[in-house]
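Trainee: Listed here are the chains, written in short residue letters.
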Amino acid sequence: MGLFILRRLGVMILTALCLTFIVFTLTNLEPNLEKLAKNQANARMTDDQVISWLDNRGYNDPMLIKYGRWLGVLPHFTREEDGEVVYSRCATPGTTIEEAGSFCGVLQGNWGWSTVFQNEVLEILGVRGWQTAKLMFFVMLVMVPGALIVGVLAGMKEGSKLDRSLSTFSIGTTATPEYVSGVIFISLLASPMIGPNWFVGSAQTAMDNITFENFTLPVLTIALYGMGYIARMTRASMTEVMTAQYIRTARLKGVSFQQIVLKHALRNALIAPFTVIMLQLPWLLNGVVIVETLFNFKGFGWTLVQAAGNNDIELLLGVSIISVVVVLVTQLISDIGYVFLNPRIRIA
Amino acid sequence: MEPLTWTGNMGDVLDPILGITAIALLLTSVLAIVMSFATTTERVTVNPDGTIAAQPGLRGLTAKAQVYSLYAFLATVVAYIVTGMVVGWQGGGIVGGAMQAFTPVWISLVVLFVASFYYKRKLGLYGKLFDSTIGMIGFGLVMFWVFTAFYAGIFDMIYMHDPLTQVSGMKNKVPGTPMPDVDAAPYPFYLLGGDNLARDVFSRMVLGSTIVMQIAPLATLFAFMVGITLGLPAGYYGGKLDTVLSFMANLILAFPVILLFYLLVTPEIVLTGLPNYMALILFIFPLIFVGVLINSRYRTQPKTRNLYLGIAMAVGGLIYLSLVMDQGAPKPIFRLWPGGLDLFDIPGQVLIVFVSVVFVNSPTVFRIVRGLTLDIKTRDYVAAAQTRGETPWYIMLWEILPNARGPLIVDFCLRIGYTTILLGTLGFFGLGLPPESPDWGTTINDGRRLLSVFPHPAIVPAVALLSLVLGLNLLADGLREESLRD
Chain A
2 MGLFILRRLG VMILTALCLT FIVFTLTNLE PNLEKLAKNQ ANARMTDDQV
52 ISWLDNRGYN DPMLIKYGRW LGVLPHFTRE EDGEVVYSRC ATPGTTIEEA
102 GSFCGVLQGN WGWSTVFQNE VLEILGVRGW QTAKLMFFVM LVMVPGALIV
152 GVLAGMKEGS KLDRSLSTFS IGTTATPEYV SGVIFISLLA SPMIGPNWFV
202 GSAQTAMDNI TFENFTLPVL TIALYGMGYI ARMTRASMTE VMTAQYIRTA
252 RLKGVSFQQI VLKHALRNAL IAPFTVIMLQ LPWLLNGVVI VETLFNFKGF
302 GWTLVQAAGN NDIELLLGVS IISVVVVLVT QLISDIGYVF LNPRIRIA
Chain B
5 MEPLTWTGNM GDVLDPILGI TAIALLLTSV LAIVMSFATT TERVTVNPDG
55 TIAAQPGLRG LTAKAQVYSL YAFLATVVAY IVTGMVVGWQ GGGIVGGAMQ
105 AFTPVWISLV VLFVASFYYK RKLGLYGKLF DSTIGMIGFG LVMFWVFTAF
155 YAGIFDMIYM HDPLTQVSGM KNKVPGTPMP DVDAAPYPFY LLGGDNLARD
205 VFSRMVLGST IVMQIAPLAT LFAFMVGITL GLPAGYYGGK LDTVLSFMAN
255 LILAFPVILL FYLLVTPEIV LTGLPNYMAL ILFIFPLIFV GVLINSRYRT
305 QPKTRNLYLG IAMAVGGLIY LSLVMDQGAP KPIFRLWPGG LDLFDIPGQV
355 LIVFVSVVFV NSPTVFRIVR GLTLDIKTRD YVAAAQTRGE TPWYIMLWEI
405 LPNARGPLIV DFCLRIGYTT ILLGTLGFFG LGLPPESPDW GTTINDGRRL
455 LSVFPHPAIV PAVALLSLVL GLNLLADGLR EESLRD
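Protein sequence lines, in the order shown, are assigned to chains A and B. The opening residue of the first sequence carries number 2 in my numbering; numbering runs sequentially from there. The opening residue of the second sequence carries number 5 in my numbering; numbering runs sequentially from there.
Among the hints, a few may not be true.
For lysine-lysine, the following DSS-like pairs were computed, each having C-alpha atoms within a straight-line distance of at most 27 Å [to be verified]: (1) A:K158 to B:K132; (2) A:K36 to A:K67; (3) A:K158 to B:K68; (4) A:K67 to A:K39; (5) A:K264 to A:K254; (6) A:K254 to A:K36.
FYI, nobody ran anything at the bench for these hints, they're computed from the structure.
Just need the whole structure built from these sequences, with the hints factored in.
Mentor: Below, the structure written as structure tokens:
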């Protein structure tokens, strides 16, 4: 088991390095840097000026070296004139060149400076991430029990009317992306034009003060899309368990249907959905970005859109690290959890 | 002119009937579910003459009631369509006008369904689809949009206003608003209202379907070619090849899709020529696939092989080069091919959308094909083919692939739906397609800013997208059920 986890961890770190390198390359392409230079210094710079501006800041070095510096395994770029260091990438606003160390990458905790928000990337991510964590907490609170109940109810009697109805409902929710359900919810439930005006169509106020009116719609929008998939997986797992030999034995013994479902089938049926729920987390990230944009909730997804839309390279890199790590860690947890939960799998 | 009401005169008769049948359907459905729990299964009684008969009991009664109220509801819907087709907006209001506009689609649907139903026993899996209600509903929804896209895109039918023309005075007008200058306008109303730039919402919704229908199925097909061409050898040979390909697939799958889109579909990336390079790699896979397919089949008959392979490579190569080469591309390498032989150019923005959708979808297809291959390669007929001395590619493409078709067809339907969702996502973030494009995602993005005041410009494309994706999902579900039944 220890070896299995260790090997998974190794693959995970390798994947993380590859992915961050790809993101780093894609965000540090020539046109991006040119835009950055014009944005930071002077919009009317000539091409020569752009090149010298980038040269002076070490942007024109080979990609691998830049990546190493950003990661913090190579000493950062410094420019010397007449034997004196006049520029150091490690010197952030507030620190002098002398104080700055020579390594200042992600590993040293220096995630860079956001050009859009004019703040430390790490600090922005902390604040925004906390908002999204609150959103995700409520989404999980709605989605997981809802999906499990729907799945178990549908799966306990395969082919019944209830199964048909609930399966169609699950298909319906998986066919409704967040930007469709969000639009429909807002127009039907939060607009004075059509239906009752029960909720607020914007979650902006929810950042300080979560209320039923301003948080229900965003949570419901994300939860619905993820729910259908988990419910279908739960249903498949439940129907499989219900045809197992030991369930038949229980039925022949005369155990009541309720007892069979609750005591015999449920525990075994919930192993597979655990993996699915964990793997669903990265998919929720998509939903988070869409919903935060639609409902104007300034969280992690909103930050991603702002960073990408405004060529904020270091912030975008920070956002990518977080999302890639979230994806990989959930994959790891689901793998390990599956082995722990399922006694039939034993890995030496 | 008076603004139109939703159902006009035909509503006076049909609206109450629709209400009654809808409530009846809802009630009987709930009742049927409750009854399936409350009562026991059908009781079997033995008659004196030795035959046995099932007693449907209360449960059978509720099930029957549900079916009949479903028929009544569907009949009412058909009545709306038929009446609308005949009377148009003059007697049928907005719904009547819209139904009349869709007349060619209805006729095609009826012809298709009647023909398919009549010959369903001779049509294999497609024919079996007409045994499942869910599958038929899904197929109907999908074909509705296919026909709509076909007639609107090729014959300029169905829609009545130009999707880009702005008519002053029609900004954010509610559905059914008459045009200010009725005599000059091609149609006297904006059936589903005007958007925030005073364009016709109905016409944009109809033309949005053509964009989806052009990109989604083709992109899915390409993703399948890539996934199959790489997944078959990965599953069949295993070993290092499998490890490397699986690692790469997992790498792409670990990327949050939206982040990938934001990195790939920006104007700066188009400048670097990256989409062209990706197109260069991704679009070669269909060519390889077809080439290997023909070569492995006719390997023993060199003459036939050369003929077929030559034709396929010439046609495929020309299409491939026309696709990849672009006289306006930023990098000189993509202008090598002479312009005269460059049959068509895909605009850079559409190409990047297409490429990134293929790129996102192919790893999942790869994993599915790899898994199926791992399963099927242990079968006896594969061992038989190996003993016969067939080449590995023949076994993969002519023994394993045909036997994996069931799950692949089902996934193909689901994946077109998913691709449609992805296209909508791109449009929703204003990535890729031009901002005035009538595709559904972009239109939803346009409409969402004034959503709580003027919901109609966003809700119309949202419902359209929902119905198409729902149709594809139901179709996939129907196909899965019918293919499992064998």
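Trainee: All the hints need checking, so say for each whether the structure fits it.
Mentor: Evaluated hints:
1. A:K158 to B:K132: Measuring from Cα to Cα gives roughly 25 Å; hence the hint holds.
2. A:K36 to A:K67: holds (18 Å)
3. A:K158 to B:K68: Roughly 20 Å separates the two Cα atoms, so the pair holds.
4. A:K67 to A:K39: holds (20 Å)
5. A:K264 to A:K254: holds (14 Å)
6. A:K254 to A:K36: violated (74 Å)
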